[in-house]
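Note that the protein sequences, when read in sequence, are chains A and B. Residue numbers for the first sequence follow the numbering used here, so the first one is 12 and each next one is one higher. Residue numbers for the second sequence follow the numbering used here, so the first one is 12 and each next one is one higher.
Among the hints, a few may not be true.
To be verified - Calculated lysine-lysine pairs in the BS3-like style (CA-CA distance at most 27 Å, straight line):
1. B/Lys75 - B/Lys139
2. A/Lys160 - B/Lys56
3. A/Lys56 - B/Lys43
4. A/Lys75 - B/Lys75
5. B/Lys75 - A/Lys43
6. A/Lys57 - A/Lys43
7. B/Lys139 - A/Lys75
Just so you know, these hints were derived from the structure itself, not from any lab. None of the values given here were measured: they were computed from a predicted structure.
Listed below, chain by chain, are the residues.
There are 2 protein chains.
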Amino acid sequence: MQMRNGMDDTDWKILRTMQAEPELSINALADKVGLSHTPCWRRLKKLEEDGVIASREIVLDQRKVGLGVDVFANVRITRHDEDTLEAFAGAVDSHPQIVECFLVGGDSDYLLRVVAGSIEEYERFLKKVLVHMPGVASVNSSFAMRRIKWTTRLPI
Amino acid sequence: MQMRNGMDDTDWKILRTMQAEPELSINALADKVGLSHTPCWRRLKKLEEDGVIASREIVLDQRKVGLGVDVFANVRITRHDEDTLEAFAGAVDSHPQIVECFLVGGDSDYLLRVVAGSIEEYERFLKKVLVHMPGVASVNSSFAMRRIKWTTRLPI
DNA sequence: GCCGGAAAAGGAAAATTTTTCCTAACAGGG
DNA sequence: CCCTGTTAGGAAAAATTTTCCTTTTCCGGC
């Protein structure tokens, strides 16, 4: 049987099905993948244990919880030693307004997505927090005017 | 009672608790927010109906499903008429490799996050798909060297 | 080709959780 | 102060998850 990343076809089918319809019951899932509930349940548990399924989440509507503003902040760092990067990463982690952060490009800067209730609120966050985070040389912010797409579902 | 965005303190507490521990049972949740299961269940349902809870998702480990590469693509558009934007948005939607897309900045370009199995795979996607999407003038790609943070949880 | 053993699947039942239904408490307006 | 509509609560029904044990399938060695 064909195996990719330690998973057989049935495992992949489970992942695809659960991604598409995360609220499916074990029975419904088992039906869709052509197993009875018990082996299906065992496979699902294994996928969770193995961390292939990293977590289950509830996804809130940003607007409806008053966080309609998305800002992308390009952060340039002063020094690129491990300590500075660690300290910066720690700071990122501790601020829940920062929902995404990637180290990008060759010139070692970070791309962050920050959520806020308003532009003013973001400006406060920028001035009070972001520019004071360890190692930050400069911050270049661009506001998202429209969200075209955002999904947790991966093309598997 | 204090209301924010049409929700009282208990609703917010439910949202916060569920964000932090999405797999909580109704009983456990009810305990944490200080209600009995029935009213708690009704509030949760209402939050789902109202779309405050937009969806429940399973989040996969990108690496473990063979999609370890994240690329940010800055796409510049030729024309900015509504038709072009619509067509572009439609194309974005139909390609599952594109997991995020925002219209950013004043010069009307798009920031996309694209997932791929390898740099080569991304390059193929870039050449075969991205540059041919409707209205695309140029694409500037930066590879994510490290993921510092990525979360679905909002600071409420 | 057949046997033995391991791994995966299946059925039935126990345990837990979700959902419904009906009753009780509470708040605001007349 | 009572009436009405809204929110909470308890008990029970329905559905789902989880366990346990049996059956089937798949391989490697003979």
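Violations among the numbered hints, reported as their numbers in ascending order: 4 and 7
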